[in-house]
Amino acid sequence: MSSARVKPLPPELVAVPRKHVWHGARAVAEAVRIADVDVIAAYPIRPYTGVMNAIAQMIADGQMMAELIVADSEHTQFEVAKHASTVGARTFVGSSGVGMIFATEAIIVTALAQCPVVALAGCRALDDPGNFGMEWNDVLTYRDYGWMISWPMSPQEALDATIVAFRVSEDPRVLLPTFVAVDGATVTHISGPVLAPDEKRIREGFLPPYKPPYPLDPDFGPVTKAQHVAPSLIGPEQRKCIDVAMKRAYKEVIPEAWKLYNEVAGRDYKPFVESWFMEDAKYALVTMGAYTINAIAAAKRMREKGVKVGVVRSRYMRPFPYIELRQALENVESVGVLDFSFSFGSPYSGGVLYTELKSALYEADVRPLITNFLFLGGREPSVGHFVKAVEIIQKYAELKRVEKNVHWLTLKGEDI
Amino acid sequence: MSEEILFKTIKEIPPVDYYVSGRRTCAGCGPALGYKLVAKAAGPKTILLGPTGCMYVANAHQFLTSPYALPWYHAQLGGGGAAGLGTAAGLRALMTKGKRKKEDINVVVYGGDGGFADIGLAGLSGALTYDYPRLLFVLYDNEAYANTGVQASSTTPWGAYTTFTPWGKIKRIGNDRLKKNVALIAAAHPGIRYVATACVSYPLDLMNKVRKALNAGGPTLIHLLVPCPKGWFFDAKDTVKVGRLAVETGMWALWEYDHGKFRLTVKPAQRKPVKEYMRLQGRFANLADEDIEYVQKLVDQEWKYWEEMDKLGKLILPWAR
Ligand SMILES: Cc1ncc(C[n+]2csc(CCOP(=O)(O)OP(=O)(O)O)c2C)c(N)n1
Ligand code: SF4
Numbered sequence: 029m030s031s032a033r034v035k036p037l038p039p040e041l042v043a044v045p046r047k048h049v050w051h052g053a054r055a056v057a058e059a060v061r062i063a064d065v066d067v068i069a070a071y072p073i074r075p076y077t078g079v080m081n082a083i084a085q086m087i088a089d090g091q092m093m094a095e096l097i098v099a100d101s102e103h104t105q106f107e108v109a110k111h112a113s114t115v116g117a118r119t120f121v122g123s124s125g126v127g128m129i130f131a132t133e134a135i136i137v138t139a140l141a142q143c144p145v146v147a148l149a150g151c152r153a154l155d156d157p158g159n160f161g162m163e164w165n166d167v168l169t170y171r172d173y174g175w176m177i178s179w180p181m182s183p184q185e186a187l188d189a190t191i192v193a194f195r196v197s198e199d200p201r202v203l204l205p206t207f208v209a210v211d212g213a214t215v216t217h218i219s220g221p222v223l224a225p226d227e228k229r230i231r232e233g234f235l236p237p238y239k240p241p242y243p244l245d246p247d248f249g250p251v252t253k254a255q256h257v258a259p260s261l262i263g264p265e266q267r268k269c270i271d272v273a274m275k276r277a278y279k280e281v282i283p284e285a286w287k288l289y290n291e292v293a294g295r296d297y298k299p300f301v302e303s304w305f306m307e308d309a310k311y312a313l314v315t316m317g318a319y320t321i322n323a324i325a326a327a328k329r330m331r332e333k334g335v336k337v338g339v340v341r342s343r344y345m346r347p348f349p350y351i352e353l354r355q356a357l358e359n360v361e362s363v364g365v366l367d368f369s370f371s372f373g374s375p376y377s378g379g380v381l382y383t384e385l386k387s388a389l390y391e392a393d394v395r396p397l398i399t400n401f402l403f404l405g406g407r408e409p410s411v412g413h414f415v416k417a418v419e420i421i422q423k424y425a426e427l428k429r430v431e432k433n434v435h436w437l438t439l440k441g442e443d444i
Numbered sequence: 677m678s679e680e681i682l683f684k685t686i687k688e689i690p691p692v693d694y695y696v697s698g699r700r701t702c703a704g705c706g707p708a709l710g711y712k713l714v715a716k717a718a719g720p721k722t723i724l725l726g727p728t729g730c731m732y733v734a735n736a737h738q739f740l741t742s743p744y745a746l747p748w749y750h751a752q753l754g755g756g757g758a759a760g761l762g763t764a765a766g767l768r769a770l771m772t773k774g775k776r777k778k779e780d781i782n783v784v785v786y787g788g789d790g791g792f793a794d795i796g797l798a799g800l801s802g803a804l805t806y807d808y809p810r811l812l813f814v815l816y817d818n819e820a821y822a823n824t825g826v827q828a829s830s831t832t833p834w835g836a837y838t839t840f841t842p843w844g845k846i847k848r849i850g851n852d853r854l855k856k857n858v859a860l861i862a863a864a865h866p867g868i869r870y871v872a873t874a875c876v877s878y879p880l881d882l883m884n885k886v887r888k889a890l891n892a893g894g895p896t897l898i899h900l901l902v903p904c905p906k907g908w909f910f911d912a913k914d915t916v917k918v919g920r921l922a923v924e925t926g927m928w929a930l931w932e933y934d935h936g937k938f939r940l941t942v943k944p945a946q947r948k949p950v951k952e953y954m955r956l957q958g959r960f961a962n963l964a965d966e967d968i969e970y971v972q973k974l975v976d977q978e979w980k981y982w983e984e985m986d987k988l989g990k991l992i993l994p995w996a997r
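Line by line, the protein sequences are chains A and B. All residue numbers for the first sequence refer to this note's numbering, where the first residue is 29 and numbers rise by one. All residue numbers for the second sequence refer to this note's numbering, where the first residue is 677 and numbers rise by one.
For the record, the hints were derived by calculation from the structure and aren't laboratory data. Do not rely on the hints blindly, as some may be mistaken.
What the hints assert, rightly or not - With a straight-line cut-off of 20 Å between C-alpha atoms, the simulated SDA-like cross-links for lysine to any residue are:
| id | chain 1 | residue 1 | chain 2 | residue 2 |
| --- | --- | --- | --- | --- |
| 1 | B | Lys775 | A | Asp247 |
| 2 | A | Lys239 | B | Ile992 |
| 3 | A | Lys239 | B | Met771 |
Keep in mind it's a predicted model, so treat the numbers as computed, not measured.
Take these sequences, add in the hints, and give me the full structure.
Right, here's the structure in full:
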């Protein structure tokens, strides 16, 4: 009850949303609540599990309404999400490491059937041997199958990226699923200040309920979907549909969605690529995800010594923002790719981000030197490792050639 | 469960079909006949789901044909349980939240023995622990992976030839494992409301079981024996006859487990010798008389249990050694 002697707060002050201190998994759960998701399927594996723990608690406390399926495996988890999506439900799922790999079949058909499921990938090293450290290869396994992959770097951005993922995925011009890839532990388990957008504004101004064009519903009428395909009739055409959808996501839908989200939620995200100290940079570190912060710290340290280095971060792996990355790097002499992925036996035996970036820059007017720094096996790099990376690319710029394409900087033995 | 949902005679069955022409299955295909009967019994407010198998590949074909006059979606071979679960969960979420009109909608997953007895057994079992009403899993059991060219599954009967269990110069018996009973596994789920076995050669029995299952109030399973002329090596005109013989010889027992009560729904007065069933099919061609005697002994033993269960109205475990 208000007392006559206490003046009510002015409405603009009341409306200021509260900052929370949440770890990434908790922040993503909040996004799922705000997005009014209908069906969620859970199966435990760390480090992603926390998001489902938080969602289950919210449902138990009556803060959100959804069917939560406690699945018997990841394969079931992803199939549940796919099929719930066919009737028009908004669906959320997720996993990490070998869990995700176990669901591979279901993950792939979700994209090829154009079901706009959103999944959290809590990046984790793959077995064998069991390893709780962070690597990107679990989610990068799905680089080539029609999933969009966004790569937020903080709990705050993980929340925002999850909400945006639903809008982009469900856009009728796209209808492709999205992985929100967050670095295991460094985003899932690290707490930070998080500002949750107003749920009403999001639901009314940004994320209307999902309406599939051809729902599986007796009231809609008989549709026969995902039936056996004749390669001679629509084999390539079916794949082309995915290609076109992905291109639309890149050219139109993702930029539009972030622009609108910035307005509705009061943010200022660039859709694809972020840069630090790049105005006059001669050298650049290219990153994705949580370690961007360490890269910025390393760049700052080197700037203090007069080294003109900047940092460029890709916010998406699929669609791969090759145009924006090319623009961001057009004036640098030497690039170092900080990579937590690998492709054994690939050109120069490098990482996936490295190979992708290299191919993106092949068409650049002036091609910079590119060096790959691998942080594999889940061992955490320090700022010192990234400083070392800057020293190496600086040296290569002076030599005007790359002496050694790939460096394993956290390796204890000899890097041969 | 009200009685009027059941058909008393074949004449009461509505003439409308929901699984129609335009399929590419073999002549005499038992699973296709089963599909027709199951869809007919379920009626127009139904979503059909089909895990990979003959009923996927040999039915609808992009741009050419689809025999489904109901909404139909493919599920992965091991995803039948999850597909039913996801579809039912999606519908319930949308209805609870007012995003879709509230209505009774059946979700029927029609999956093979490969799909439900082997690769998808865990998912099926998981789904049976939920509480979604009108969610029916029909395991159409042709006792083989027919679509990939007839390989043994864990429901292939003892002695049967498949391409993975051939007989040869030094091996007389084809498949040397005993048939897994998925209906009993389903019945072992606490709280399960309805489980039944059926056979396409007994259409009224099958359709009434579908009706009971859909009205039981939770996820249910029907294990449906479906003769497959291609995999069993018999003449396509004999599908119904072979199915009848399976039941008449006791090779396949027709029962239901309805809210905790067990009952044989068809009781052969005098069981015919299993030889009559087996000798009609090429897949048992290599078996000697003594092998068929062995099968006869197994069936006779098993039937002591079925009859005892029928008398008690309860499940007891056959084959305990
Ligand atoms: C994960 C996976 N493994 C294997 C296959 C190949 N495959 C396609 S159909 C099929 C047979 C399925 O057998 P069953 O469930 O008994 O159905 P039927 O073909 O007998 O109708 C198999 C093994 C597949 N589609 N997916
Ligand atoms: S192989 Fe058997 S199950 Fe498959 S279509 Fe032919 S008869 Fe039917």
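CA of B:Lys775 to CA of A:Asp247, is that 20 Å or under?
The given pair, whose Cα atoms are some 14 Å apart, holds under the 20 Å limit.
So if I understand the rule, the pair passes when the alpha-carbon distance is 20 Å or less; does A:Lys239 with B:Met771 pass?
holds, 14 Å
For the pair we were handed, A:Lys239 and B:Ile992, check the Cα-Cα distance against 20 Å.
Given pair A:Lys239, B:Ile992 is violated - Cα atoms ~49 Å apart, limit 20 Å.
Checked against the numbered hints given earlier, this structure breaks only hint 2.
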